[in-house]
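Protein chains: 2
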Amino acid sequence: MARDERGVTAQSEDFSAWYNEVVFKAGLVDRGPAKGTMVIRPYGYRLWERLQSELDRRIKDTGHENAYFPLLIPQSYLSREAEHVEGFSPELAVVTHAGGKELEEPLVVRPTSETIIGEMMAKWIDSHRDLPLLLNQWANVVRWEMRPRMFLRTTEFLWQEGHTAHASEADARGETMLALDIYHEVARELAAMPVIAGEKTPGERFAGAVATFTIEGMMRDGRALQAGTSHYMGTNFATAFDIRYTSDAGRDELCHTTSWGMSTRMIGGIVMTHGDDKGLVFPPRLAPHQVVIVPIVRGDDTTVLTATDELAQRLRAAGVRTHVDARTQVTPGFKYNEWEMRGVPIRLELGPRDLQAGTVMLVRRLGRDGKEAVPIDTLPQAMPAILDEFQAFLLARATEFRDEHTRTVESWDEFAEAVSTGWAVALHCGIPACEEDIKSVTAATPRCIPLEGPAATGACVRCGAASAYGKRVIFGRAY
Amino acid sequence: MARDERGVTAQSEDFSAWYNEVVFKAGLVDRGPAKGTMVIRPYGYRLWERLQSELDRRIKDTGHENAYFPLLIPQSYLSREAEHVEGFSPELAVVTHAGGKELEEPLVVRPTSETIIGEMMAKWIDSHRDLPLLLNQWANVVRWEMRPRMFLRTTEFLWQEGHTAHASEADARGETMLALDIYHEVARELAAMPVIAGEKTPGERFAGAVATFTIEGMMRDGRALQAGTSHYMGTNFATAFDIRYTSDAGRDELCHTTSWGMSTRMIGGIVMTHGDDKGLVFPPRLAPHQVVIVPIVRGDDTTVLTATDELAQRLRAAGVRTHVDARTQVTPGFKYNEWEMRGVPIRLELGPRDLQAGTVMLVRRLGRDGKEAVPIDTLPQAMPAILDEFQAFLLARATEFRDEHTRTVESWDEFAEAVSTGWAVALHCGIPACEEDIKSVTAATPRCIPLEGPAATGACVRCGAASAYGKRVIFGRAY
Numbered sequence: 001m002a003r004d005e006r007g008v009t010a011q012s013e014d015f016s017a018w019y020n021e022v023v024f025k026a027g028l029v030d031r032g033p034a035k036g037t038m039v040i041r042p043y044g045y046r047l048w049e050r051l052q053s054e055l056d057r058r059i060k061d062t063g064h065e066n067a068y069f070p071l072l073i074p075q076s077y078l079s080r081e082a083e084h085v086e087g088f089s090p091e092l093a094v095v096t097h098a099g100g101k102e103l104e105e106p107l108v109v110r111p112t113s114e115t116i117i118g119e120m121m122a123k124w125i126d127s128h129r130d131l132p133l134l135l136n137q138w139a140n141v142v143r144w145e146m147r148p149r150m151f152l153r154t155t156e157f158l159w160q161e162g163h164t165a166h167a168s169e170a171d172a173r174g175e176t177m178l179a180l181d182i183y184h185e186v187a188r189e190l191a192a193m194p195v196i197a198g199e200k201t202p203g204e205r206f207a208g209a210v211a212t213f214t215i216e217g218m219m220r221d222g223r224a225l226q227a228g229t230s231h232y233m234g235t236n237f238a239t240a241f242d243i244r245y246t247s248d249a250g251r252d253e254l255c256h257t258t259s260w261g262m263s264t265r266m267i268g269g270i271v272m273t274h275g276d277d278k279g280l281v282f283p284p285r286l287a288p289h290q291v292v293i294v295p296i297v298r299g300d301d302t303t304v305l306t307a308t309d310e311l312a313q314r315l316r317a318a319g320v321r322t323h324v325d326a327r328t329q330v331t332p333g334f335k336y337n338e339w340e341m342r343g344v345p346i347r348l349e350l351g352p353r354d355l356q357a358g359t360v361m362l363v364r365r366l367g368r369d370g371k372e373a374v375p376i377d378t379l380p381q382a383m384p385a386i387l388d389e390f391q392a393f394l395l396a397r398a399t400e401f402r403d404e405h406t407r408t409v410e411s412w413d414e415f416a417e418a419v420s421t422g423w424a425v426a427l428h429c430g431i432p433a434c435e436e437d438i439k440s441v442t443a444a445t446p447r448c449i450p451l452e453g454p455a456a457t458g459a460c461v462r463c464g465a466a467s468a469y470g471k472r473v474i475f476g477r478a479y
Numbered sequence: 001m002a003r004d005e006r007g008v009t010a011q012s013e014d015f016s017a018w019y020n021e022v023v024f025k026a027g028l029v030d031r032g033p034a035k036g037t038m039v040i041r042p043y044g045y046r047l048w049e050r051l052q053s054e055l056d057r058r059i060k061d062t063g064h065e066n067a068y069f070p071l072l073i074p075q076s077y078l079s080r081e082a083e084h085v086e087g088f089s090p091e092l093a094v095v096t097h098a099g100g101k102e103l104e105e106p107l108v109v110r111p112t113s114e115t116i117i118g119e120m121m122a123k124w125i126d127s128h129r130d131l132p133l134l135l136n137q138w139a140n141v142v143r144w145e146m147r148p149r150m151f152l153r154t155t156e157f158l159w160q161e162g163h164t165a166h167a168s169e170a171d172a173r174g175e176t177m178l179a180l181d182i183y184h185e186v187a188r189e190l191a192a193m194p195v196i197a198g199e200k201t202p203g204e205r206f207a208g209a210v211a212t213f214t215i216e217g218m219m220r221d222g223r224a225l226q227a228g229t230s231h232y233m234g235t236n237f238a239t240a241f242d243i244r245y246t247s248d249a250g251r252d253e254l255c256h257t258t259s260w261g262m263s264t265r266m267i268g269g270i271v272m273t274h275g276d277d278k279g280l281v282f283p284p285r286l287a288p289h290q291v292v293i294v295p296i297v298r299g300d301d302t303t304v305l306t307a308t309d310e311l312a313q314r315l316r317a318a319g320v321r322t323h324v325d326a327r328t329q330v331t332p333g334f335k336y337n338e339w340e341m342r343g344v345p346i347r348l349e350l351g352p353r354d355l356q357a358g359t360v361m362l363v364r365r366l367g368r369d370g371k372e373a374v375p376i377d378t379l380p381q382a383m384p385a386i387l388d389e390f391q392a393f394l395l396a397r398a399t400e401f402r403d404e405h406t407r408t409v410e411s412w413d414e415f416a417e418a419v420s421t422g423w424a425v426a427l428h429c430g431i432p433a434c435e436e437d438i439k440s441v442t443a444a445t446p447r448c449i450p451l452e453g454p455a456a457t458g459a460c461v462r463c464g465a466a467s468a469y470g471k472r473v474i475f476g477r478a479y
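Chains A and B, in that order, give the protein sequences. Take the first sequence: its position 261, counting from 1, is numbered 261 in our numbering, and each next residue is one higher. Take the second sequence: its position 467, counting from 1, is numbered 467 in our numbering, and each next residue is one higher.
Check before you lean on any hint, since a few could be wrong.
Which copy is meant is left open, so a pair is good if it fits within one copy or across any two.
Said to hold, decoys possible - Calculated pairs, SDA-like style, for lysine to any residue (alpha carbon to alpha carbon, straight line, at most 25 Å):
(1) Lys123 x Leu134
(2) Lys60 x Gln160
(3) Lys335 x Asp354
(4) Lys278 x Arg321
(5) Lys101 x Glu83
(6) Lys278 x Phe334
(7) Lys371 x Val330
(8) Lys123 x Arg153
(9) Lys335 x Ser247
(10) Lys439 x Arg205
(11) Lys335 x Glu65
(12) Lys35 x Asn66
(13) Lys60 x Val324
(14) Lys371 x Ile386
Hints in this document: simulated from the structure, not taken from any laboratory.
Please model the entire structure based on the sequences and the hints provided.
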């Protein structure tokens, strides 16, 4: 990467250009040859692996089991649930030929696995003793994208999809909220994204769901990103796929099912929640490298390199993910810029003078300006707290940003102004035509009815009709 | 699973039927709706996750980085390397329609990723400083199967595929052997499969490779299973995809590339290496449950259940993967049979009398007959050694079986007899027509030229021509 290629467009100038430049230049992603596909490069994939292992642990700790279901699904399966097929048909990639022949029935590349998992659940569940059936799958899915955007909307993406079956509506609804809680915790505690958890309005529900819940994050351009969703399917898929059980009392009953997913889209969310004009800013709990050490070597002197390696080993022994950038073909200044662009939380600079003084220069990616000379000896034991402080700082900063760009509005003018830079919290009638009207005028959509929103009723901010939901709704433009 | 459904065909009666029954009945797998696809059920997937985490750690420890490349590859990419397209064309699944339209260029569902990764390597590599480029991907791949068999040959399977680029042949060949060594270690130390590492004959090489190396395991019916392969590609893919670098001396050079893969096929290998007429036998280092505890409860007495839970917690604290089977709707005897069928290495039976005596009944899945009363108090600290001993026993038993079924042969009659029950180690001319002839008469193919085989030359066991390779070749019937 030549020096003059590292500059990026300022966020304030063109946020979209900033995003597109930074994800490529930081080495997170590259474009695949087929329309809208992406290559997740090692630096981006390590972030995903960090997120994946944390999420997987929480999924298993709550009693779910991983399994794997086929990629290719008979086209007829999709059609069994009317809303589901309608929602996904325009996005499907279809295999028509295989093994050198035309197939009798085309196979769809899974856009999501409700249908094939529904078919297997019907086979595996007999009695109430088989319930709840708590499954999760890590997989790739394909949804044809007309306006692709790296991580946010790609033709293929990686995700986990939880699929569960329960004896009662109460159990299934409890599961739906449990999954949402896991997403909320992962977004907030690991990605430092102060998301809002809420329910989608009927018009924004998943195709085939009775209720869809979401966590919505605010990006630094004021737009919303849906960062994870959890769906209560009622008995819709159970009816379509005949997922039934014999109750304790010997009765034949339909199951209640759920599904929930979080994807590589989260990488885009992290980029747009924390990044700045210098590039990425990664939260320490997910950062591939938490600390980068740049040795400043004069001539043939090897003492600095030796001290650098020793410090790196001590940091690693303290559980800190540490990278040493010992390249000789670029200058320290080049490295500083590059690791700022790539979002490493803490940079350490170690030169002969520092070494003599027994200190190292510590530079935070954000939060406090300037360099701080810290004692080398005690740094490994101090580093976890420094990283925790940085993690907390990112969450606080993003929360402040979100709150500054969220406005409770009473009038249409206020609404229109609020959604031009952030979110409007408004009373709404819940009428689909009114949602459509708002969208066509402002590009804003209802993001969610926040779970923690206080009770409120009154006149719809747009049409004046009586408000729905018993609460205000968050509106915003979205990715 | 009703009691009478649990019996399986004896291995000696029909090994193939035994395999098909046991993988389904033990809950490892189910059939997917599309031809030759499989559902990996939680119990099978946990085994895969164990293998995956162990293999992934070794791949990372040797300097490789994970990344993710697109599933869908333009059809024209496959055609760029002549042998590669010829090898894979009959197996391709092709997406012709997406987003509601016919595609201008059909997309192939990856059967392997050499081509798309080659394209990206060409883009990412400029200078010798970018080498070696050491990538790995965990992914699903699709190869259309006419005679599918769960885990062994399925239309879709999961694997890791390593892809690396190097400045020289020596480096690339070193990498090829490094990957083979990792597979050898994983197979031997974790799966307790005493595989033989060797090179494939030219007729058995990967499509587009200069040299293919393999680890071959012997299954309990005497057949061979190729359990992992590592390929040196020479400059074939570098030429087809223009993967070049500028050398230290400023010259423009072609890279040398490698690829290597291990897949869910290993699950089939484990089943067929260790299983017996009672069902699966899992090696402790990969077993989802290393220990199952069956409490024997009389009436309403809860002391046994309490003691069971306490013992389970102490075992888990000692790092032992422990499952408690506290079901009330089936008898202890039913559970014993079921967990034998499902291959759990160690079963513990705990009833009121045992509890009074301060002991628990320990039953090994294989190796020593009968039950052994062991003190509860010290069992958690003793268990790791008991599991290690069981692991070592499985490897020794499989090694003994392999050696008993491997014969160094001098005549054609001996050859034909040896390959009817196991492997023949024979001199061979290396002529493709002679390989074909042997295959058509005996169904045996050259499995590998073992790396550790001593030098040997003489007359071909089949045609009498001068032997090739300077060594004997292992022949056997294969999966």
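Violated constraints from the hint list, given by number and in increasing order:
none
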